[in-house]
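So the protein sequences, as listed, match chains L and H.
When we follow our numbering, the leftmost residue of the first sequence carries the number 1, and every step to the right adds one.
When we follow our numbering, the leftmost residue of the second sequence carries the number 251, and every step to the right adds one.
None of these hints come from the bench; they were simulated from the model.
Incorrect hints may have been included.
[Claimed, not checked] Derived SDA-like pairs: lysine to any residue, alpha-carbon spacing no greater than 25 Å straight-line: (1) K90(L) to R10(L); (2) K380(H) to R197(L); (3) K366(H) to E39(L); (4) K74(L) to K90(L); (5) K348(H) to H393(H); (6) K366(H) to S80(L); (7) K380(H) to Q275(H); (8) K270(H) to G287(H); (9) K298(H) to V317(H); (10) K182(L) to Q299(H); (11) K366(H) to R329(H); (12) K380(H) to D232(L); (13) K380(H) to F194(L); (14) K182(L) to K315(H); (15) K380(H) to G183(L); (16) K270(H) to D386(H); (17) K366(H) to D343(H); (18) K380(H) to L190(L); (19) K380(H) to R193(L); (20) K380(H) to D180(L); (21) K90(L) to S80(L); (22) K182(L) to K348(H); (23) K380(H) to H393(H); (24) K182(L) to V317(H); (25) K270(H) to Q299(H); (26) K182(L) to R197(L); (27) K74(L) to G48(L); (28) K366(H) to R29(L); (29) K90(L) to R29(L); (30) K182(L) to K270(H); (31) K270(H) to K315(H); (32) K182(L) to L403(H); (33) K270(H) to E308(H); (34) K366(H) to C34(L); (35) K366(H) to D222(L); (36) K141(L) to D180(L); (37) K182(L) to R252(H); (38) K366(H) to R36(L); (39) K380(H) to G152(L); (40) K298(H) to Q326(H).
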Amino acid sequence: MNDGPAPVLRAEGLVKTHYGEGAPAHAVRGVDLCVRPGEFLAVTGPSGAGKSTLLHLLGGLQRPDGGRIWLDGKSADAWSEARWAVERRKRIGIVFQFFNLVSNLSVADNVELPALLAGVTPKRARAEREELLAELGLDGKERSLPGELSGGEQQRVALARALVNHPPLLLADEPAGSLDSKGTREVMRLLSRFHGRGQTIVLVTHDARLASAADRVISFFDGRIADDAELDAAPKSRKGGISGVLELRD
Amino acid sequence: MRLPLLALLARGPAHGYELKQHLEQTLGSAYPQPNVGQIYVTLGRLEKQGLIEGEDVEQSSRPNKKVYHLTEAGRQALRVWFEDPEDEPRVRDEFFMKLALAPQTGLADRIALINKQRRQYLNTMRQLSKLAAAEDRDNRVAHLLIEGAMLHLQADLDWLERCQEELEELE
Numbered sequence: 001m002n003d004g005p006a007p008v009l010r011a012e013g014l015v016k017t018h019y020g021e022g023a024p025a026h027a028v029r030g031v032d033l034c035v036r037p038g039e040f041l042a043v044t045g046p047s048g049a050g051k052s053t054l055l056h057l058l059g060g061l062q063r064p065d066g067g068r069i070w071l072d073g074k075s076a077d078a079w080s081e082a083r084w085a086v087e088r089r090k091r092i093g094i095v096f097q098f099f100n101l102v103s104n105l106s107v108a109d110n111v112e113l114p115a116l117l118a119g120v121t122p123k124r125a126r127a128e129r130e131e132l133l134a135e136l137g138l139d140g141k142e143r144s145l146p147g148e149l150s151g152g153e154q155q156r157v158a159l160a161r162a163l164v165n166h167p168p169l170l171l172a173d174e175p176a177g178s179l180d181s182k183g184t185r186e187v188m189r190l191l192s193r194f195h196g197r198g199q200t201i202v203l204v205t206h207d208a209r210l211a212s213a214a215d216r217v218i219s220f221f222d223g224r225i226a227d228d229a230e231l232d233a234a235p236k237s238r239k240g241g242i243s244g245v246l247e248l249r250d
Numbered sequence: 251m252r253l254p255l256l257a258l259l260a261r262g263p264a265h266g267y268e269l270k271q272h273l274e275q276t277l278g279s280a281y282p283q284p285n286v287g288q289i290y291v292t293l294g295r296l297e298k299q300g301l302i303e304g305e306d307v308e309q310s311s312r313p314n315k316k317v318y319h320l321t322e323a324g325r326q327a328l329r330v331w332f333e334d335p336e337d338e339p340r341v342r343d344e345f346f347m348k349l350a351l352a353p354q355t356g357l358a359d360r361i362a363l364i365n366k367q368r369r370q371y372l373n374t375m376r377q378l379s380k381l382a383a384a385e386d387r388d389n390r391v392a393h394l395l396i397e398g399a400m401l402h403l404q405a406d407l408d409w410l411e412r413c414q415e416e417l418e419e420l421e
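So that you can see chain L by itself, here it is in the shape it has in the complex (with noise of 0.2 Å):
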């Protein structure tokens, strides 16, 4: 099996069980994965079922009790702490329900912070935030505090912190978790508009609406991947889907 690139993640039998009080939880019970370079991938299911806890395995947020993770073909099964961070600087571009930004930086700082800490030159990092945050319509909004922004401009400059030194891998969690049904939109778009652009995504969501812009979706329950189903845009002939949804009765 040594057609293409190699993927730009995979996984094989990812264990996590997290110990608290009560019965020991098992949040991921033995899960394969294969992410192919320029992939949208949502992951979906109930809350509980243990896919945001998958998320962080992969992003190195949190370890697995078992298992390996290679990324870009390289295993990570040895790297400490400093190494994740390091790679989630440059190799991982990460996104989390409440936008998790440095409240007393501006919005610009934010952006800037990872590529200045990935060794960019100043006037690079300054020139990569200023087309990412034109792009995503922030102009104007960069000496602005992440507390003065709405939710969904919020998840923006999350959204351009994450890419500012074009990682390979975007991982999202629940991008439109707190975000009302317009930003869920404008999440959905943006998240398609750089997937157009040959970004590789995986994406956490309980939102089958926002799940439905991946172009492969993988149910998950219990802590195990129910179902992998490559999603088709083509519409069937057959009787139902999309006319069937939308016809007029008579």
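Assemble chain H onto chain L, guided by the hints.
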């Protein structure tokens, strides 16, 4: 399509092809292109029922066209249409029957049924997303229709999720 055609005629007389165009303009891509033949057949029926009246209009280089207008009975039928609320969408559908009856047949696995159904819904959801992205932003009516369809599908997908949770628990 009877009552939508009556509703379009409420704003003034029109011929069949004009009605088709009005329908397309109002509903945008959200509504599958109405078949002009079907429109003529429906107009014929409405005329027979006395809800509209047609009048032949001569055209110089083409065959006559028939221009229709609403009758008082047609206007009354429209009032009744607007008066009554519509039925709820079906919830006890064919899929529910498959799910409920599969175990005793030994012919189908319920989780597999759910997965198959989910794929179908997700594909339709994706087509709706594409349709919404392609539709003119200013056509609010078309966007509302698409969004309504997406919310229904979302509810169906949530329900499939509940079914699956319940069944996984039993295992």
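Outcome of the hint check:
1. Note on K90(L) and R10(L): the hinted pairing holds, with a Cα-Cα distance of about 18 Å set against a maximum of 25 Å.
2. Restraint check for K380(H) and R197(L): satisfied, since their Cα atoms lie roughly 17 Å apart, inside the 25 Å limit.
3. Restraint check for K366(H) and E39(L): satisfied, since their Cα atoms lie roughly 22 Å apart, inside the 25 Å limit.
4. Using a Cα cut-off of 25 Å, the hinted pair K74(L) and K90(L) holds, with the two alpha carbons roughly 14 Å apart.
5. At most 25 Å may separate the alpha-carbon atoms for a hinted pair to count; K348(H) and H393(H) exceed this at roughly 33 Å.
6. Using a Cα cut-off of 25 Å, the hinted pair K366(H) and S80(L) is violated, with the two alpha carbons roughly 41 Å apart.
7. Taking the CA atoms of K380(H) and Q275(H), the gap is near 19 Å; set against the 25 Å cutoff, the hint holds.
8. About 10 Å separates the Cα atoms of K270(H) and G287(H), which keeps this hinted pair within 25 Å; it holds.
9. Annotation: proposed proximity of K298(H) to V317(H) holds, straight-line Cα distance about 15 Å (limit 25 Å).
10. Between K182(L) and Q299(H) the CA atoms are separated by roughly 45 Å; this puts the pair beyond 25 Å, and the hint is violated.
11. A threshold of 25 Å between alpha carbons decides the hint, and for K366(H) with R329(H) the separation of about 43 Å lies outside it, so the pair is violated.
12. Proposed proximity of K380(H) and D232(L) is supported: the alpha carbons are some 11 Å apart, at most 25 Å.
13. Between K380(H) and F194(L) the alpha-carbon distance is near 16 Å, which keeps this suggested pair within the 25 Å criterion.
14. The hinted pair formed by K182(L) and K315(H) fails the criterion: a straight-line CA distance of about 46 Å is larger than 25 Å.
15. Restraint check: the Cα-Cα separation between K380(H) and G183(L) comes to about 18 Å, which is no more than 25 Å; the hinted pair holds.
16. For a cut-off of 25 Å, the pair hint linking K270(H) to D386(H) stands: about 19 Å separates their Cα positions.
17. Restraint check for K366(H) and D343(H): satisfied, since their Cα atoms lie roughly 15 Å apart, inside the 25 Å limit.
18. Distance check on the hinted pair: K380(H) and L190(L) sit about 14 Å apart at the alpha-carbon level, within 25 Å; holds.
19. At roughly 12 Å between alpha-carbon atoms, K380(H) and R193(L) fall within 25 Å of each other, so this suggested pair holds.
20. Distance restraint check for K380(H) and D180(L): the Cα-Cα separation of roughly 20 Å lies within the 25 Å cut-off, and the hinted pair is therefore satisfied.
21. Of the supplied pair hints, the one linking K90(L) and S80(L) holds, its CA atoms being roughly 16 Å apart against a limit of 25 Å.
22. Only pairs whose Cα atoms come within 25 Å are accepted, and K182(L) paired with K348(H) is rejected, the gap being roughly 36 Å.
23. Of the supplied pair hints, the one linking K380(H) and H393(H) holds, its CA atoms being roughly 12 Å apart against a limit of 25 Å.
24. This hinted pair does not check out: K182(L) and V317(H) have alpha carbons roughly 43 Å apart, beyond 25 Å.
25. Restraint check for K270(H) and Q299(H): satisfied, since their Cα atoms lie roughly 21 Å apart, inside the 25 Å limit.
26. A hinted pair counts as satisfied when its Cα atoms are at most 25 Å apart, and K182(L) with R197(L) qualifies at roughly 23 Å.
27. A hinted pair counts as satisfied when its Cα atoms are at most 25 Å apart, and K74(L) with G48(L) does not qualify at roughly 30 Å.
28. Among the hinted pairs, K366(H) with R29(L) is consistent with the structure: their alpha-carbon atoms are about 23 Å apart, no more than 25 Å.
29. Between K90(L) and R29(L) the alpha-carbon distance is near 29 Å, which puts this suggested pair outside the 25 Å criterion.
30. Taken as a hint, the K182(L) and K270(H) pair is broken in the structure, with Cα atoms around 32 Å apart against an allowance of 25 Å.
31. Simply put, K270(H) and K315(H) have alpha-carbon atoms about 14 Å apart, close enough for the 25 Å limit, and the pair holds.
32. In summary, the hint linking K182(L) to L403(H) is supported, as the alpha carbons are separated by about 18 Å, within the 25 Å threshold.
33. Between K270(H) and E308(H) the alpha-carbon distance is near 20 Å, which keeps this suggested pair within the 25 Å criterion.
34. For the hint pairing K366(H) with C34(L), the CA-to-CA distance comes to about 22 Å; that is within 25 Å, so the pair holds.
35. Between the alpha carbons of K366(H) and D222(L) the distance comes to roughly 19 Å, so the proposed pair stays at or under 25 Å and holds.
36. For the hint pairing K141(L) with D180(L), the CA-to-CA distance comes to about 21 Å; that is within 25 Å, so the pair holds.
37. Taken as a hint, the K182(L) and R252(H) pair is broken in the structure, with Cα atoms around 35 Å apart against an allowance of 25 Å.
38. Only pairs whose Cα atoms come within 25 Å are accepted, and K366(H) paired with R36(L) is accepted, the gap being roughly 24 Å.
39. Restraint check: the Cα-Cα separation between K380(H) and G152(L) comes to about 22 Å, which is no more than 25 Å; the hinted pair holds.
40. As the CA atoms of K298(H) and Q326(H) are separated by approximately 16 Å, the hinted pair is consistent with the 25 Å bound.
Hints 5, 6, 10, 11, 14, 22, 24, 27, 29, 30, 37 from the list above are not met by this structure, while the remaining hints are.
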